[in-house]
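Protein chains: 2
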Amino acid sequence: MTKSYWLWYPGDMELYFAMKQNFSRVERGFSWPAFWKSEGFRNRVVFRRTYLLEEETEFRVTCRGQGHVVVGEDKYPFGKVITAPRGEVGISIHCARIEAFPAVYIEGETICSDRGWMASDYAAPARPAGFSEYFTDPWQDPSVWEYSEKVYSPVSAEKVFVEKDDRGNVVETRAPGPGAVSGYLYTFETELTAMLEVLNTDGTPIDILDVKTMQVCCGESREEALDMLHCYYSWQVDTETGRCPRCAFRYVFIPGRAREVYAIHQYVDIPVRAFFKSGDGLLNRIWEVAAHTFSLCSGIFFIDGAKRDKWIWGGDAYQSICINPYLFADPSIDRRTLTALRGNDPMTTHINTITDYTMLWIFAVWQHCITYHDLEYLASMYAKMQSLMDFLKDQTDEKGFFTGRSGDWIYVDWADLDKEGPVGAEQMLYAGCWKIMGKAASLLGREGDAALYEERFSILKKDIEEMYWDGEKGAYVDSFTSGRRHVSRQTNIFALRCGIAGEDRRKQVLENVILNPQIPAVTTPYFAFYELDELGQEGMTEALYDRMVSYWGGMLARGAVTFWEEFDPMVPVSRQYDMYGDRFGKSLCHAWAASPLYLIGRYLVGLTHVLNEKGETGFVLSPSLEHLGTLDCGFQVCGGEKTVRIRHRNGILRISTDAENGLLILGGKEIPLLPNREFQAEI
Amino acid sequence: MTKSYWLWYPGDMELYFAMKQNFSRVERGFSWPAFWKSEGFRNRVVFRRTYLLEEETEFRVTCRGQGHVVVGEDKYPFGKVITAPRGEVGISIHCARIEAFPAVYIEGETICSDRGWMASDYAAPARPAGFSEYFTDPWQDPSVWEYSEKVYSPVSAEKVFVEKDDRGNVVETRAPGPGAVSGYLYTFETELTAMLEVLNTDGTPIDILDVKTMQVCCGESREEALDMLHCYYSWQVDTETGRCPRCAFRYVFIPGRAREVYAIHQYVDIPVRAFFKSGDGLLNRIWEVAAHTFSLCSGIFFIDGAKRDKWIWGGDAYQSICINPYLFADPSIDRRTLTALRGNDPMTTHINTITDYTMLWIFAVWQHCITYHDLEYLASMYAKMQSLMDFLKDQTDEKGFFTGRSGDWIYVDWADLDKEGPVGAEQMLYAGCWKIMGKAASLLGREGDAALYEERFSILKKDIEEMYWDGEKGAYVDSFTSGRRHVSRQTNIFALRCGIAGEDRRKQVLENVILNPQIPAVTTPYFAFYELDELGQEGMTEALYDRMVSYWGGMLARGAVTFWEEFDPMVPVSRQYDMYGDRFGKSLCHAWAASPLYLIGRYLVGLTHVLNEKGETGFVLSPSLEHLGTLDCGFQVCGGEKTVRIRHRNGILRISTDAENGLLILGGKEIPLLPNREFQAEI
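Protein sequences, first through last, are from chains A and B.
Going left to right, the first sequence walks through residues 302 to 984 as the working numbering numbers them.
Going left to right, the second sequence walks through residues 302 to 984 as the working numbering numbers them.
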């Protein structure tokens, strides 16, 4: 029996679940679907394939939707065994479905739904059908994602009293006044994305009258759970199941008497395939908390945060795609996320309405494709990369600078930038996109395209150097239009990242901006990633290490068990969960705060994924043992297919791998790493 | 309390039900969804409106979907009473839904979902929200159409025997052989679109074991119902409801013992507002059968046929839109149909994959808008008319002739045409579209557009005259490419219809083609409509009358109770239901066969809907009393808002109307008809 997948029109599965994901945000009793154009799936699809059959063969088609099968000239219903005659046989499967995307599954010795089927929507040219390793069984419905589940009990249950304070917040009190409410606070070991199940302490279901008055208050923080009025998620249990809807929390407060509480954690089982243990306890803790943070924000897609927004954001996803090879090395979540973000052609809106997120999608596709050498995905997305670039090009001014359209969101970072006229940071990214397009075209053998795109990069780079470089300040300014000559870290970091600055200006930027304490510090982990990545690129491992342990260590010092959307060490503890003018507005488990996984793997362990001149996947290892001390860690390499393990103890460095094309750089020397032969050296 | 509608993104309701409609075809046990690109609805919409409130006011939003309401800066869940403060208040309603289109309903004294709300999909500019007079109650779900129902009992039940004949067909037998099957045939008065309910003769439900073996065979014809193997619809009743799925039939055959059978006819209640009774019994019968045919093919949309395809076809719909004012005068089914057919922008495929059906959509929009003076609809569709014309223009050759793209279906008619190179009939329609575009632009006050479109028409007309006119034959040829100089009725009829032929050539065409028995006759009612319409335009009422009573009368003579998809008087009775190589392939209730309603109303009663120079709706009446004899008939006029009644008996003609702008033409004289003042004349 050959291997069958469920098949659909390419992208439909991703677009369908992306809607479910982006519509899943709930806050204080109302639903908050994402505020951008929703990209729909198709409702009418045909799958086609021609077989050359050596003998008569049987097959059966199952469909989620309605339609029929055509074999040669004859029509057959779904669900019945069909006999195809020997010789050349054209088969088409007609499929329609309104409420979800149409999908088919074909079982047969020879004719089955393996790769090789083409899908058409009757408008665009036929394309290879979409499939996923998660949908391979005939009884599945690919519009229903089957989560893995794990049941957790709280690590503690304590009786607490809460009452309203002067500002109307509900807070814990040790001396309960007349208006105080008592209840039980349940604490889980760490944050989960779970359905809560609540029972009486004797294990019996909650009585229906009890259900109506029982409020289950959840919180990422203890403070949030206890504030019955302002916590994001406050549920009544479902009378049939005894469960609350799935949401992210660590703390649960239930006013009234004690209950028995379980959390049924639901997740997509993406195995953690890296491990990291060094002699530096703080670094180890940062790695572990980042790993848990990243896992909670990685499901069907890379989302921004476990509690909120639970949306798929382009810039956040780019960083997750950079982090992924250093934890999961799972290319399929990259593809699902990228496909969902890009949506359908023609492109009519910016990804998440944000101009820079549209651009970072190009960076993300490229990052994915070179990490896993995923040329199939690159080829399948190339036309959409081109139409995205056309979309951007239509939004440039007469000088060729990208301006966006009125109403577009130029985000860059939660920071004070001068956004008058064409925004500097956007030009850096826009140029970077053309540079990537040149490389992508070249990798696909489209040399004509490559030359055009490289030329666009060169021209834009020259114009940026001319208009945005401020010789006196020795830095790039945010805007040349306003005349304010405002210098920000963000604009200059993107200039470095996108290959704008030459050697000399690169040095000036480092000195005058990156290492200059006069320039306002970055306060989001989002931009901390970009900043530290540049320190790493410059080989400034010392500075990178210091900033990482102080910034992420700072969150740990505040009791973080997952890393936060934003952290400013200057903000007092009493307001540390504030964001967007909301006392519990901050997401305490945010993917873009998990970048230490990348930074540690990439710059301290020193592992880089590369393609050699033959186009083969390989890796370079250049460990910074001075920051790690003793070490035992392992990572996936070569497109996630192979492993490398690095151990350092008692002055002996040992490296073993099953991969070809490994290269160790140690003390300035290049040492090839041979597969299945342990390398040893005294340090 | 002001009047509330359910609101949605404009077009979503139509596109959603169009999918349901186009996916509803079932044949002999399998589903057959329409084979063209399906145009989807939106999944994420926002409705916005700003009120200037004189005082605080309450309202409540109900949503089919998920989301929330924003009043000023504050968010509220659906279903709760919200208080809006006095002053200027911006309200936005955020709504998401995957399985159907999002819709909202707003109840309140001042703030309610009447007209005035704008809808946005976050990509295109905001547009006035969609609504329908069918969805005005808060408990409705606009994704569920509530059909009207009427229960019918069969007019006869007879015991019959059937057996297989030599060719494998199952036919009635008077002398049952050993393999014969007996059962009961139930005949209804006429064709219905109904769910059958089957009970035992004592009124009890069918036993579950009985259900499993009981086959309910339906047929438009007696022959079809009796052929258990080849009838289109053969059901098992649902064990819970005792009912079969909704389908079209007149006859029901149930092998085995006698049963009690009811038909629950489901329909959209579009009132028949015209009546017609003349001294000509055959004409009256044609009118009545056409009216029943048309009603069965008019539901949420104009569909082609009641039994099959049940799809929405552009060319068919155009004729239905021409017929509509002479029976229902219901502009809203026009709009639903036109909106559904056109789909979304950008346009990527031809309507129903047929190039001429794309063009006829322009004719149909125009026909609708001038009949009902529906400038609001014209304005709302104008951009889509333009993008459709751009789509066509992209498919022209270097001479400017329309060619379509490879794979596009150039239909014209079920007839033998020379389709080599640019097809003549297509050029006529294409030119006709530019002519209409000129008039539409002018009506909307877009004079620049109008001039451009008129110029396009002129140039194309000139080129057509040059390339397609054959001076020797005195007719237009199908193709100039092939050199075969083939002359068809179809090409020449479209040349007349689209204003290509000048006075002289028009006469030649009439003589050499239309009235020339050497040119193969039209065999579809589809093209008979176009042909007879030209006879009518030429004032050849006699010829029109003769052809109509012979063609449609011919179907009546064969026992038709509804008019057929195709009728060729030369085909023997034994093969009269054949089509597409299928013994019961022909649809016996087809909208395009209902055109006698139009032809009688337009040319025998002589009623034309017009706009006067002030842009007001009016009508002209020019009755052909010689064909009608005594007469009592009534029609809607002036956009369906007013009525005209015409009576003729004992030599006295009496005409009464409540409309302004009526004009009678009698014996060559123009006589204004005054509202609410009966006109009388001796004839």
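It is possible that some hints are incorrect.
[Unchecked claim] Derived CB-CB ranges, DEER-like:
id, chain 1, residue 1, chain 2, residue 2, range
1, A, Asn645, B, Leu530, 19 to 25 Å
2, B, Asp442, A, Glu328, 24 to 30 Å
3, A, Leu500, B, Thr540, 50 to 56 Å
4, B, Gly330, A, Leu500, 48 to 54 Å
5, A, Arg468, B, Asp691, 58 to 64 Å
6, A, Ser875, B, Val371, 53 to 59 Å
7, A, Leu500, B, Glu389, 47 to 53 Å
8, A, Glu357, B, Leu583, 56 to 62 Å
9, A, Val382, B, Pro870, 42 to 48 Å
[Stated by the list, open to error] Derived contacts from chain A toward chain B, CB cut-off under 7 Å, selection only:
id, residue
10, Gly330
11, Ser332
12, Trp337
Derived by calculation from the structure, the hints in this document are not laboratory data.
A virtual CB, placed ideally from N, CA and C, is assigned to each residue, including glycine.
A quick look at each hint next to the structure:
1. A:Asn645 with B:Leu530: 19 to 25 Å: The hinted range 19 to 25 Å is violated for Asn645 of chain A and Leu530 of chain B, with Cβ atoms some 44 Å apart.
2. B:Asp442 with A:Glu328: 24 to 30 Å: holds, 25 Å
3. A:Leu500 with B:Thr540: 50 to 56 Å: violated, 39 Å
4. B:Gly330 with A:Leu500: 48 to 54 Å: holds, 49 Å
5. A:Arg468 with B:Asp691: 58 to 64 Å: Holds: the Cβ-Cβ distance is about 60 Å, inside 58 to 64 Å.
6. A:Ser875 with B:Val371: 53 to 59 Å: violated, 30 Å
7. A:Leu500 with B:Glu389: 47 to 53 Å: holds, 51 Å
8. A:Glu357 with B:Leu583: 56 to 62 Å: holds, 57 Å
9. A:Val382 with B:Pro870: 42 to 48 Å: Distance hint for Val382 of chain A, Pro870 of chain B holds at roughly 45 Å.
10. Gly330: holds, 5 Å
11. Ser332: Since chain B brings a Cβ to about 4 Å from Ser332 of chain A, closer than 7 Å, the hint holds.
12. Trp337: At about 5 Å, which falls below the 7 Å cut-off, the nearest Cβ of chain B leaves the hint on Trp337 of chain A intact, so it holds.
Taken one by one, the earlier hints fail for this structure at numbers 1, 3, 6, listed in ascending order.
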